[in-house]
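Q: The primary structure of each chain is shown beneath.
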Amino acid sequence: MSEPKPKKVDLNRRGMPKQLPEVRRHNFNEVALGYPVKIAVEEAERCLQCKKPKCVLKCPVEIDIPGFIKSISDRNFTAGARILKQKNCLPAVCGRVCPQEEQCEEACVLLKKGGQIAIGRLERFLADWEAGQGELEMPKISPFTGRKVAVVGGGPAGLTVAGDLIKLGHQVTIFEALHEMGGVLTYGIPEFRLPKAIVNREVDYLKKLGVKVVKDFVVGKTRTVESILEEFDAVFIGSGAGLPWFMKIPGENLNGVYSANEYLTRMNLMKGFLFPRFNTPIKNHKRVAVIGGGNVAMDCARVALRLGAETRIVYRRSRKELPARLEEIENAEEEGVVFDFLTLPIKYAGDENGWVKEIECLRMKLGEPDSSGRRRPIPIEGSEFTLPMDAVICAIGNSPNPLISAVTPGLEVGKWGNIVADEETGKTSMERVWAGGDVVTGAATVILAMGAGRKAARSIHEYLSSL
Amino acid sequence: MFRLITNQMIVPNIHLLTLEAPAVARQMKPGQFVILRAEEDGERIPISVSDWDAEKGTVTVMVMNVGITTDRLASLETGISIPTVVGPLGNPTKIEKFGTVLCLGGCYGIGSIFPIARALKEKNNRVFTVIEARSSYLFYWEEKLRKVSDRIVHITRDGTKGYRGHVGRLPEIIKSFQEPVNRIIINGCTFLLKRGSDVSRPLGIETVVSLNPIMIDGTGMCGVCRVTVGSTTKFACVDGPDFDGHQVDWAELLQRRKTYMKEEVIPHRTSRCEEHARKS
Ligand SMILES: Cc1cc2nc3c(=O)[nH]c(=O)nc-3n(C[C@H](O)[C@H](O)[C@H](O)COP(=O)(O)OP(=O)(O)OC[C@H]3O[C@@H](n4cnc5c(N)ncnc54)[C@H](O)[C@@H]3O)c2cc1C
Ligand SMILES: Cc1cc2nc3c(=O)[nH]c(=O)nc-3n(C[C@H](O)[C@H](O)[C@H](O)COP(=O)(O)OP(=O)(O)OC[C@H]3O[C@@H](n4cnc5c(N)ncnc54)[C@H](O)[C@@H]3O)c2cc1C
Ligand code: SF4
Ligand code: SF4
Ligand code: FES
Numbered sequence: 015m016s017e018p019k020p021k022k023v024d025l026n027r028r029g030m031p032k033q034l035p036e037v038r039r040h041n042f043n044e045v046a047l048g049y050p051v052k053i054a055v056e057e058a059e060r061c062l063q064c065k066k067p068k069c070v071l072k073c074p075v076e077i078d079i080p081g082f083i084k085s086i087s088d089r090n091f092t093a094g095a096r097i098l099k100q101k102n103c104l105p106a107v108c109g110r111v112c113p114q115e116e117q118c119e120e121a122c123v124l125l126k127k128g129g130q131i132a133i134g135r136l137e138r139f140l141a142d143w144e145a146g147q148g149e150l151e152m153p154k155i156s157p158f159t160g161r162k163v164a165v166v167g168g169g170p171a172g173l174t175v176a177g178d179l180i181k182l183g184h185q186v187t188i189f190e191a192l193h194e195m196g197g198v199l200t201y202g203i204p205e206f207r208l209p210k211a212i213v214n215r216e217v218d219y220l221k222k223l224g225v226k227v228v229k230d231f232v233v234g235k236t237r238t239v240e241s242i243l244e245e246f247d248a249v250f251i252g253s254g255a256g257l258p259w260f261m262k263i264p265g266e267n268l269n270g271v272y273s274a275n276e277y278l279t280r281m282n283l284m285k286g287f288l289f290p291r292f293n294t295p296i297k298n299h300k301r302v303a304v305i306g307g308g309n310v311a312m313d314c315a316r317v318a319l320r321l322g323a324e325t326r327i328v329y330r331r332s333r334k335e336l337p338a339r340l341e342e343i344e345n346a347e348e349e350g351v352v353f354d355f356l357t358l359p360i361k362y363a364g365d366e367n368g369w370v371k372e373i374e375c376l377r378m379k380l381g382e383p384d385s386s387g388r389r390r391p392i393p394i395e396g397s398e399f400t401l402p403m404d405a406v407i408c409a410i411g412n413s414p415n416p417l418i419s420a421v422t423p424g425l426e427v428g429k430w431g432n433i434v435a436d437e438e439t440g441k442t443s444m445e446r447v448w449a450g451g452d453v454v455t456g457a458a459t460v461i462l463a464m465g466a467g468r469k470a471a472r473s474i475h476e477y478l479s480s481l
Numbered sequence: 008m009f010r011l012i013t014n015q016m017i018v019p020n021i022h023l024l025t026l027e028a029p030a031v032a033r034q035m036k037p038g039q040f041v042i043l044r045a046e047e048d049g050e051r052i053p054i055s056v057s058d059w060d061a062e063k064g065t066v067t068v069m070v071m072n073v074g075i076t077t078d079r080l081a082s083l084e085t086g087i088s089i090p091t092v093v094g095p096l097g098n099p100t101k102i103e104k105f106g107t108v109l110c111l112g113g114c115y116g117i118g119s120i121f122p123i124a125r126a127l128k129e130k131n132n133r134v135f136t137v138i139e140a141r142s143s144y145l146f147y148w149e150e151k152l153r154k155v156s157d158r159i160v161h162i163t164r165d166g167t168k169g170y171r172g173h174v175g176r177l178p179e180i181i182k183s184f185q186e187p188v189n190r191i192i193i194n195g196c197t198f199l200l201k202r203g204s205d206v207s208r209p210l211g212i213e214t215v216v217s218l219n220p221i222m223i224d225g226t227g228m229c230g231v232c233r234v235t236v237g238s239t240t241k242f243a244c245v246d247g248p249d250f251d252g253h254q255v256d257w258a259e260l261l262q263r264r265k266t267y268m269k270e271e272v273i274p275h276r277t278s279r280c281e282e283h284a285r286k287s
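Chains as they are written, first to last, in our numbering: chain A, 15 to 481; chain B, 8 to 287.
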């Protein structure tokens, strides 16, 4: 390997200031506060500037990581921000929510010694620094090509496609079903993890570049894909994986049993935590159980906790198998979320008014690894017990919403309702229609959705240029 | 933004709103609904569409003033724009040549049953329209309904017009037609839907109800609108809103609709349908 001779390697990964747990559990402000300049520079100086940087290979959009880190240690933040933007149009988002520990940072050569560079935090630092400079730098926009592209869905996949294609001179219109843009970034991920001002800033930026935004427009209902194709040269579908799963156990329709989507939408999109200033009501539950162990479950639990509830996560495997990001698990623990591992809900019981009052559960033990490589949970016979509860949030997963595919006959759909699209180009079975993000892969990550958007944009551009 | 062209209290507590929403109007079919927000910080609420004009690009809804959002909508001045009118949502009501169809509407459903009756008539059905209200002064659109119906029957709880009582009188009414009814379609408050289904069950007439659970997105994303129909869970916004009234778990639906009772001020203007339905 061509790494530079280790001078004296600084393995001290710099921590990022956070709100204290006992403070933040009472507010919805951002938990992590970001690096101050001095610490960012120190952290950046630790990077070995590998000639063949492994970190880059594990970033789904292949950001020039040593490049942007170098500009931080050189204190040339403008240059650094420009490097980020070359590959990632939402660095302030990714720096916050990317699962860095299993992507770029996992591949950092310093990981072995426990001192991997905090790439995500540095990315966030630059993006926030740039935002603090007032007017964002405007990229060069190619002259109008006369081609029109419709983008379905204003989540990370759709935003990426729109950003890439507008710069190439195509006219872009985003159709979004909800009254706000951002997809899961807006309705799912809570304010304390991703402030909505950041998402709005990115959307405003796209609008300044000339992207047209049509909200309150449900493709498949307000207008079909076929009819949109009559007006536009190409369509990109990035409608996400918004269909909530339930466990199909007795009592699931009792009052007080929510899907994670409902709970989070009330809170984030509709700003339920500001009720009654905002009209959408939210209950003040005393005891809340969240079923599941992913990022979505952590978010629900931490929201419920902030509303004053005693909150537990009920998960059927053990801590080691939790699919959520480690950082968020730790944050949840620090804030006081209780974890019931190896526990499976089998039934909800209600009171005389139809409100959930307890969950009947089974204890589990771990068996042999299953197809996913994780040890399979097996119920322990006769281990039933109940947890008294006045609300349950079901966060066991989502799949793509069939609303569009159901009325678009030419569109091939997979087993899980996902739209089938080519991995490299995003092309679907329908002429002039591309798709990408969660609607193709099922619930995944922001950066993967953006990566898919980027590839589709490239393919759409090729197609439009060939006309 | 969607401009409000007309806002008129058509009868006490029910407001006819006509809104400019061209994309919605172009696709609208009978039995579908829209989701509205009255103001930027406002809640999203589902409202059935009572009429539309694809050429002018407008939709007309009947809003019964029962709570915060409907109250805001009712008090909007014409010319003002509201931030959200999204739709058409839900599946259209099934319209075919059924033979004789009884269309039953109460409160806002007197409006939303109109396009259904019209479409049925266009398919050459015999259309009998039954409208129900607390008192005769609460009926509206009777002329419009008359034009698309072979007969109109009224039920009032105070007996000021037509039959006295509640929808419990439906079997007698059907009997009085002296011809078989092949299908019943009901629009209106939950109690009307439930009670109507209860009394039609023994008659063995297929009964379609337009359910109105709490909703947020209206696209199948949140699951708050779930209802049990024939022992499976359905999302009313995408699987409905029309369902077989004989298969709906009414107790559950009524319960779920009360979720936010405590949080939301219930003004004195509610229709007290439940109480009356029980009596008749
Ligand atoms: C609570 C939660 C926490 C998460 N945390 C993380 C995290 O920490 N890190 C991470 O990387 N990922 C996380 N994810 C996953 C990540 O948010 C998604 O993978 C990503 O947002 C997918 O992007 P997308 O553009 O494909 O779809 P989405 O973000 O789902 O956007 C789809 C958009 O399309 C719109 N739409 C749908 N149907 C239609 C239609 N018919 N017409 C018009 N518009 C339509 C939707 O309203 C939505 O705005 C989380 C997800 C959730 C729910
Ligand atoms: C598919 C569908 C179609 C609908 N169509 C119409 C329509 O065409 N016109 C219309 O006026 N309404 C219609 N509704 C009902 C309407 O959505 C609710 O009345 C509305 O959400 C109430 O909002 P709010 O903020 O004014 O009242 P909130 O403050 O949300 O509610 C106040 C209280 O009144 C109760 N309440 C709500 N609705 C009613 C009601 N209809 N009757 C009696 N009590 C009620 C609630 O349980 C709540 O406790 C429809 C609902 C659905 C799901
Ligand atoms: S986008 Fe994500 S994976 Fe790529 S460098 Fe940034 S944090 Fe790492
Ligand atoms: S971040 Fe790690 S792997 Fe990447 S260049 Fe720096 S030291 Fe090397
Ligand atoms: S209203 Fe959200 S799924 Fe039906």
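None of these hints come from the bench; they were simulated from the model. Virtual Cβ for every residue (Gly too), placed ideally from N, Cα, C. Worth double-checking, as some hints may not be accurate.
[What the hints assert, rightly or not] Label pairs and their calculated CB-CB ranges:
hint : chain 1 : residue 1 : chain 2 : residue 2 : range
1    : B       : GLY211    : A       : GLU245    : 41 to 51 Å
2    : A       : LEU125    : B       : LYS36     : 35 to 45 Å
3    : A       : ASN367    : B       : ARG171    : 56 to 66 Å
4    : A       : ASN367    : B       : GLU46     : 53 to 63 Å
5    : B       : GLY64     : A       : MET152    : 30 to 40 Å
6    : B       : THR240    : A       : ILE394    : 50 to 60 Å
7    : B       : ARG264    : A       : PRO264    : 36 to 46 Å
8    : A       : SER241    : B       : ASP48     : 49 to 59 Å
9    : A       : PHE260    : B       : GLU129    : 50 to 60 Å
10   : B       : GLU46     : A       : PHE260    : 54 to 64 Å
11   : A       : GLU240    : B       : ILE12     : 22 to 32 Å
12   : A       : GLU347    : B       : ILE12     : 47 to 57 Å
13   : B       : GLY211    : A       : THR439    : 33 to 43 Å
14   : A       : PRO264    : B       : GLY106    : 35 to 45 Å
[As the list claims (entries may be wrong)] Straight-line distance between alpha carbons at most 30 Å, and here's what the computed DSSO-like set of lysine-lysine pairs gives:
hint : chain 1 : residue 1 : chain 2 : residue 2
15   : B       : LYS36     : A       : LYS371
16   : A       : LYS229    : B       : LYS104
17   : A       : LYS429    : B       : LYS265
18   : A       : LYS65     : A       : LYS162
19   : B       : LYS265    : A       : LYS285
20   : A       : LYS285    : B       : LYS241
21   : A       : LYS226    : B       : LYS101
22   : A       : LYS300    : B       : LYS241
23   : A       : LYS371    : A       : LYS429
24   : A       : LYS210    : A       : LYS285
25   : B       : LYS265    : A       : LYS361
26   : A       : LYS229    : B       : LYS36
27   : A       : LYS262    : B       : LYS63
28   : A       : LYS22     : A       : LYS52
29   : A       : LYS262    : B       : LYS241
30   : B       : LYS241    : A       : LYS361
31   : A       : LYS101    : B       : LYS36
32   : B       : LYS241    : A       : LYS162
Q: Flag every earlier hint the structure violates by its number, smallest first.
A: 2, 3, 4, 6, 7, 8, 9, 10, 13, 15, 16, 17, 18, 21, 23, 27, 31, 32
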